[in-house]
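Peer 1: Those protein sequence lines, which keep their order, are chains U and L.
At position 261 of the first sequence (counting the first as 1) the number is 581 in my numbering, and the numbers step up by one without a gap.
At position 73 of the second sequence (counting the first as 1) the number is 393 in my numbering, and the numbers step up by one without a gap.
Read the hints as simulated data drawn from the structure, not as lab findings.
For every residue, glycine included, the Cβ atom is placed at its ideal position computed from N, Cα and C.
Be aware that a few hints might be false.
As the list claims (entries may be wrong) - Facing chain U, from chain L, some residues (calculated, C-beta under 7 Å):
| id | residue |
| --- | --- |
| 1 | Phe-431 |
| 2 | Gln-433 |
| 3 | Phe-548 |
Stated by the list, open to error - Taking lysine-lysine pairs in the DSSO-like style, the calculated list, with each CA pair at most 27 Å apart, reads:
| id | chain 1 | residue 1 | chain 2 | residue 2 |
| --- | --- | --- | --- | --- |
| 4 | L | Lys-619 | L | Lys-537 |
| 5 | L | Lys-348 | U | Lys-348 |
| 6 | U | Lys-463 | U | Lys-517 |
| 7 | L | Lys-619 | U | Lys-348 |
| 8 | L | Lys-598 | U | Lys-348 |
| 9 | L | Lys-619 | U | Lys-427 |
| 10 | L | Lys-598 | U | Lys-427 |
| 11 | U | Lys-412 | L | Lys-619 |
| 12 | L | Lys-619 | U | Lys-598 |
| 13 | U | Lys-423 | L | Lys-412 |
| 14 | L | Lys-427 | U | Lys-517 |
| 15 | L | Lys-598 | U | Lys-620 |
| 16 | U | Lys-554 | U | Lys-521 |
Stated by the list, open to error - DEER-style ranges, computed between Cβ atoms:
| id | chain 1 | residue 1 | chain 2 | residue 2 | range |
| --- | --- | --- | --- | --- | --- |
| 17 | L | Thr-436 | U | Arg-582 | 44 to 50 Å |
| 18 | U | Met-615 | L | Leu-597 | 25 to 31 Å |
| 19 | U | Arg-488 | L | Gly-425 | 31 to 37 Å |
There are 2 protein chains.
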Amino acid sequence: MNKTITGLGQASYDYIAITDSYPPEDTKQEILEWTECGGGPVATALVSLSRLGVKTRFMGRVSNDRSGRLIRAGLRHEGVDTRGLKTLKGGKSQTAFIVVSQKTGGKRTIFWQRPTVAPLGPDEISAAKIKTSDMLLLDGLMKEASIRAACTAKEAGVPVVFDAGTVRDGTLELLGLSDYIVASEKFARSFAGGPKKALKKFRSFNPKAATVTLGAKGSVTSAGGGTFATPAFKVAAVDTTGAGDVFHGGYIYGLISGFDIRRTVEFASAFAALKCLKPGGRDGIPTLGETLKLMKDGKKR
Amino acid sequence: MNKTITGLGQASYDYIAITDSYPPEDTKQEILEWTECGGGPVATALVSLSRLGVKTRFMGRVSNDRSGRLIRAGLRHEGVDTRGLKTLKGGKSQTAFIVVSQKTGGKRTIFWQRPTVAPLGPDEISAAKIKTSDMLLLDGLMKEASIRAACTAKEAGVPVVFDAGTVRDGTLELLGLSDYIVASEKFARSFAGGPKKALKKFRSFNPKAATVTLGAKGSVTSAGGGTFATPAFKVAAVDTTGAGDVFHGGYIYGLISGFDIRRTVEFASAFAALKCLKPGGRDGIPTLGETLKLMKDGKKR
């Protein structure tokens, strides 16, 4: 597919431990499976798009520490253009240790190291790369660079997709600059008190479509004056790490493929569901064929 | 000091996260400080001896994975001779993620990946290196190699120190081959029902001395027909990771320095207490001068 997606956001390196159960404090818990890979909402969404044959470019910041090197290597391995991922000496890249408990059906407890490296500055992003993209994906971190990128995209007529995960400084500006809003349930609750109220508030920013993802409960979408719910596909999930990120990748894939909004959300939903069959944010990303097959044959929850 | 200590045991690579508190399942917890270094009872004890100027040699097994490379590099960086640390392709080296909660005074919750690389075999250890050592330290893991090493030491008149952490297959044989037994409180409980009962049982193996460490409660020692308690030094501990291992290093240092057994235990106790002032198993290992100063001026609990 001859399309290019540029994303700007926070990249992380994730250590993921599958355990039988989440242990009480002051005890020892054996790890059944240790996986590690790059993470971060936009970074993993771009990896999922790259797997589907879409050209992708990532803009962000890492330190020159091990996590930073592994983040870059992981993205390059997946064919993501990392020339916009800038390295600074010193500080720490974001790193996380994620415990996934089998006993509670894959519930995740996340220990995370906040990045101490300076965020990407607005003057460090390439306007030319944004203008020559088919879509821009933002996660709302690195506020100043994100707003500059969104304004650049707007001026050039490049649609902006906003992955709204947490309400933070700059969120309102980015909602106003977005063509598509895909928010987590957590965001919807803290922004508006719940998914339906959030969709209503999102409409005041006049996006082409807005979706709130609800995990195993599927998602709700507002578009073209109407609202619809999409149930999740029924899969034997072992780890939901990255499922939201892969949903965003699938959403963009649907949009640039010319799917209507219902089929776009359904595609994103199937794409994200299949990811959950393997531990880690990226190992389980399915192929186009697998995703279309689940859409055709899969059972809804 | 012109002495050489050889140790054989399990090496690990530890990621240590200092957090404000230990989180409930299904939540996110920020890591305040992320430290990482090699670990393992014998490996860290040898590092502590190397810091005090003692020649040290480590025998063990790692895989050729990242943890294995980092374990070897960490030991070499500390001047430990790693020619007896054998690498096998494939499998996994032992790796741990340790959460240290400040709210509960440094309580540790350990997530650990069991090594899947084959243990060191008895024919892979160098008898010549053991015979030319002043003391041999064992942790009871890799049973067959440990028993062979202990027998080789015995025949050559090299004293054997046994770090008894967990009761497992081979424990009784090693207790019988040991000149000095230093056991954890956990070992004492599971082996004999408690520290005093353990000391009594240890005497049946006729060691020169046996000590049970009790964390902040100090230790109890049986030697020369008598028994004595040693209180712990009062320090503002931030992380007890590796404190037991450093205690073993200090214990050996006292013995090879010709300290009597009371002074040996007191030295080990001060040496281990100072380690706890810094996160991680090795960063906080103190100098000889710092340890002697705490012995002279320090407050007991």
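Peer 1: The structure should be examined with respect to each hint, and the outcome stated for every one.
Peer 2: Do the hints match the structure? See the list:
| no. | hint | in the structure |
| --- | --- | --- |
| 1 | Phe-431 | holds (5 Å) |
| 2 | Gln-433 | holds (5 Å) |
| 3 | Phe-548 | violated (29 Å) |
| 4 | L:Lys-619 - L:Lys-537 | holds (13 Å) |
| 5 | L:Lys-348 - U:Lys-348 | holds (20 Å) |
| 6 | U:Lys-463 - U:Lys-517 | holds (25 Å) |
| 7 | L:Lys-619 - U:Lys-348 | violated (31 Å) |
| 8 | L:Lys-598 - U:Lys-348 | holds (21 Å) |
| 9 | L:Lys-619 - U:Lys-427 | violated (45 Å) |
| 10 | L:Lys-598 - U:Lys-427 | violated (32 Å) |
| 11 | U:Lys-412 - L:Lys-619 | violated (38 Å) |
| 12 | L:Lys-619 - U:Lys-598 | violated (53 Å) |
| 13 | U:Lys-423 - L:Lys-412 | holds (24 Å) |
| 14 | L:Lys-427 - U:Lys-517 | violated (43 Å) |
| 15 | L:Lys-598 - U:Lys-620 | violated (52 Å) |
| 16 | U:Lys-554 - U:Lys-521 | violated (30 Å) |
| 17 | L:Thr-436 - U:Arg-582: 44 to 50 Å | holds (47 Å) |
| 18 | U:Met-615 - L:Leu-597: 25 to 31 Å | violated (58 Å) |
| 19 | U:Arg-488 - L:Gly-425: 31 to 37 Å | holds (33 Å) |
Of the numbered hints listed earlier, those contradicted by the structure are 3, 7, 9, 10, 11, 12, 14, 15, 16 and 18.
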